[in-house]
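Trainee: Chain by chain, the residues run as shown.
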Amino acid sequence: MRRETVLQTHDLSMRFGGVVANDRVNFALKAGELRCLIGPNGAGKSTFFKCLTGQLKPSEGRVLIRDLDTTGAEPHAVAGLGVGIKTQVPNVFDALSVEENIWLAARRWLDAPRAKAATAETVERVRLGDIRRRPVGTLAHGQRQWVELGMVVAARPWLVLLDEPAAGMTEEETAFTADIIREINRTASLIIVEHDMAFVRALADIVTVFHRGAILIEGSMDAVSADPTVREVYLGHKH
Amino acid sequence: MSRAAEDRWLIALAVLGVVTMVGAPQVLQLFTIINLTTAIGLALLGLSLGLIWGYGGILCFGQTAFFGAGAYTYAVAAQNWGDTTGAIVAAVLAAAAVAAALGYFMFWGRISDVYLGVTTLTVTLIFFNLLRRTSGPDYRIGRALLGGFNGTAAPPLRLPWDDRVILSPQAMFYVASGVLLLAFFGCVALVRSRFGRVCVAIRENETRAELLGYDSRLYKLGLFSIGGGLAGLAGVLVANGIGRVTPDLFNLSYAAQAIIWVIVGGRGTLIGPVLGAFGVFWLTSWLGTQSYFNSNMVLGLVLILFVLLLPRGVVPALVELATRRRRGALGRAERLRARRPKAGPRRALQPAE
Numbered sequence: 001m002r003r004e005t006v007l008q009t010h011d012l013s014m015r016f017g018g019v020v021a022n023d024r025v026n027f028a029l030k031a032g033e034l035r036c037l038i039g040p041n042g043a044g045k046s047t048f049f050k051c052l053t054g055q056l057k058p059s060e061g062r063v064l065i066r067d068l069d070t071t072g073a074e075p076h077a078v079a080g081l082g083v084g085i086k087t088q089v090p091n092v093f094d095a096l097s098v099e100e101n102i103w104l105a106a107r108r109w110l111d112a113p114r115a116k117a118a119t120a121e122t123v124e125r126v127r128l129g130d131i132r133r134r135p136v137g138t139l140a141h142g143q144r145q146w147v148e149l150g151m152v153v154a155a156r157p158w159l160v161l162l163d164e165p166a167a168g169m170t171e172e173e174t175a176f177t178a179d180i181i182r183e184i185n186r187t188a189s190l191i192i193v194e195h196d197m198a199f200v201r202a203l204a205d206i207v208t209v210f211h212r213g214a215i216l217i218e219g220s221m222d223a224v225s226a227d228p229t230v231r232e233v234y235l236g237h238k239h
Numbered sequence: 240m241s242r243a244a245e246d247r248w249l250i251a252l253a254v255l256g257v258v259t260m261v262g263a264p265q266v267l268q269l270f271t272i273i274n275l276t277t278a279i280g281l282a283l284l285g286l287s288l289g290l291i292w293g294y295g296g297i298l299c300f301g302q303t304a305f306f307g308a309g310a311y312t313y314a315v316a317a318q319n320w321g322d323t324t325g326a327i328v329a330a331v332l333a334a335a336a337v338a339a340a341l342g343y344f345m346f347w348g349r350i351s352d353v354y355l356g357v358t359t360l361t362v363t364l365i366f367f368n369l370l371r372r373t374s375g376p377d378y379r380i381g382r383a384l385l386g387g388f389n390g391t392a393a394p395p396l397r398l399p400w401d402d403r404v405i406l407s408p409q410a411m412f413y414v415a416s417g418v419l420l421l422a423f424f425g426c427v428a429l430v431r432s433r434f435g436r437v438c439v440a441i442r443e444n445e446t447r448a449e450l451l452g453y454d455s456r457l458y459k460l461g462l463f464s465i466g467g468g469l470a471g472l473a474g475v476l477v478a479n480g481i482g483r484v485t486p487d488l489f490n491l492s493y494a495a496q497a498i499i500w501v502i503v504g505g506r507g508t509l510i511g512p513v514l515g516a517f518g519v520f521w522l523t524s525w526l527g528t529q530s531y532f533n534s535n536m537v538l539g540l541v542l543i544l545f546v547l548l549l550p551r552g553v554v555p556a557l558v559e560l561a562t563r564r565r566r567g568a569l570g571r572a573e574r575l576r577a578r579r580p581k582a583g584p585r586r587a588l589q590p591a592e
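Those protein sequences? They're chains F and D, same order as listed.
In this text, residue positions in the first sequence follow our numbering: the first is 1, and each later residue adds one.
In this text, residue positions in the second sequence follow our numbering: the first is 240, and each later residue adds one.
Treat the hints as calculated values from the structure; they're not laboratory data.
Each residue gets a CB set at the ideal place from its N, CA and C atoms; glycine is no exception.
One or more of the hints may lead you astray.
Over 10 Å on every C-beta distance to chain D, these chain F residues come out as not near it, computed from the model [claimed, not checked]: (1) Glu74; (2) Thr87; (3) Ala105.
Chain D side only, calculated, beta carbon under 7 Å to chain F, not exhaustive [claimed, not checked]: (4) Trp320; (5) Thr324; (6) Ala440; (7) Asn444; (8) Arg447; (9) Leu450; (10) Leu451; (11) Gly452; (12) Asp454.
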């Protein structure tokens, strides 16, 4: 069966003044896929990510989600297509409780009783049941990340974009985060920007390596790790 | 504060409000009642700013633009139509429309908080200066002369079903109190609704709210327009209390006072701005009766003291104090329980004698 392409970019470029952050990126994601974007700092992953979510308007090129042109659309419009987004910096409602945070995500798309049920279910799923009434601002870093993942999950998205979901987590926390992501992948396609190589290796079937604003190579983690250029620009330093 | 505790407070407040509304005209002098009516109008202005600033994070420095627009619309419409009920409706709608038009440009232009404050303040000062220049017979809307510096008469309220009957000052007090009570509990319902909760979320983190799929511009515009409508209603009450509308309704003094009421009373609460408005009104009246201190200097001092000592305002500070007391009492009870000897099983082994 040929799988449908759910997200693609055509010759996407993003320039900040004279700095070229993304240079004619052609990218495609198939339904059900879990794709990791890796690359050294400044490779243009996060800029690319922001162009996908509508936080940045690309200088040139197009973004298509399913068959809709979303180039330069507002973030709420992108989210409105059923796309769940988690940004690099934990973006949560600090003064509000865990429950309220997740309810706000659920209530956007569900009616009141279903949103309530989805909130209760999601709070348990990200294991924050004991502290559901605590303001998110008082929680530890890892827990805040899970609150944000919970917000992504509660809206029942079919496409999920995550920017560094495991950043700053302990090994144990990372493992639990990977579990949550695998569960999301059962019903949604994912794009994950990530630095943590062990995390990427544990999760992704195919990775896309960014280098100097463009895609260097795409393939399985093993194939990518074996590539001499990749080893030189990125993995070489680490492994 | 938990939802149940909040509900208890609200019920107590409703009872207190109704008792004051019914009781005050029986015990107070006519002069005080008329003064209180104006104070109630100002409290409503404070409430409207408390709603949009405290719950939407929109620092509007020119809430008086809508306040004055409401007052002027009421005065002009009532002079022309004779009927005052329609004039009230027109005033609220006009004030909300001014807020909506201004809000559209500010929120769709995505200007930042500081610029929003400056823009709104500028708008109210433009109204102020514009209306000061409307003296002379050329500046008239229908039968109503705008009157420039001196303003124009605000006809007193009449019965909706019989416009020959003018409301007495007592009746006007009932109307004003009733309006404030309804507006207050309407705002409580609003901030507890889905709309209100989303507005709070946008105040907390606009990016996150947008990434969840909420169009923050639309919510802010909605809240801003509701706040504008309430400020317009406040303008109607104050116009009735004073009996005239003048360009002063738009001036810096009212604009700044509204901010002070919210800061003193407590941002992020609805009762705070209302109490702040009453408190400052009472303080200014009292200061007006003596001649030792300049009243503006005292008000400035009060504001400075609040910003330094109680930056979150009276009501949040009191709530925190009460919560801490209760927690403290619970903690003491727990410690006592822990100190009490445990009634566990006695030691089975007795020392050999």
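Trainee: Hint check: is the beta carbon of asparagine 444 (chain D) less than 7 Å from a beta carbon of chain F?
Mentor: With a closest approach of 5 Å, the asparagine 444 (chain D) hint holds.
Trainee: For the hint on threonine 324 (chain D), just tell me whether its beta-carbon gets within less than 7 Å of chain F.
Mentor: At about 36 Å, which exceeds the 7 Å cut-off, the nearest Cβ of chain F leaves the hint on threonine 324 (chain D) violated.
Trainee: Does the nearest C-beta of chain F fall within a distance shorter than 7 Å of the C-beta of alanine 440 (chain D)?
Mentor: Holds: closest Cβ of chain F sits about 5 Å from alanine 440 (chain D), inside 7 Å.
Trainee: Quick one: work out the minimum CB distance from glutamate 74 (chain F) to chain D and report holds if it exceeds 10 Å, violated otherwise.
Mentor: violated, 7 Å
Trainee: Would the stated hint for arginine 447 (chain D) survive a check requiring a Cβ distance to chain F of less than 7 Å?
Mentor: holds, 4 Å
Trainee: Taking the closest Cβ pair, is leucine 451 (chain D) under 7 Å from chain F?
Mentor: holds, 5 Å
Trainee: Are aspartate 454 (chain D) and chain F close enough, Cβ to Cβ, to be under 7 Å, as the hint says?
Mentor: Since the shortest Cβ distance to chain F is 5 Å, the answer is holds.
Trainee: Since threonine 87 (chain F) was said not to touch the interface, does its Cβ keep a gap of more than 10 Å from each Cβ of chain D?
Mentor: It is violated; threonine 87 (chain F) is separated from chain D by about 7 Å at its closest Cβ, not greater than 10 Å.
Trainee: Is the interface hint for leucine 450 (chain D) satisfied, with its Cβ closer than 7 Å to some Cβ of chain F?
Mentor: With Cβ-Cβ at 5 Å, under 7 Å, it holds.
Trainee: Let's test the interface hint: is any C-beta of chain F closer than 7 Å to that of tryptophan 320 (chain D)?
Mentor: violated, 42 Å
Trainee: Hint validation: glycine 452 (chain D) versus chain F, beta carbon distance must be below 7 Å. Holds or violated?
Mentor: With a minimum Cβ separation of about 4 Å from chain F (threshold 7 Å), the hint on glycine 452 (chain D) holds.
Trainee: Hey, is alanine 105 (chain F) genuinely clear of chain D, shortest beta carbon separation above 10 Å?
Mentor: At about 5 Å from chain D, alanine 105 (chain F) fails to clear the 10 Å cut-off, so the statement is violated.
Checked against the numbered hints given earlier, the structure breaks hints 1, 2, 3, 4 and 5 and satisfies all the rest.
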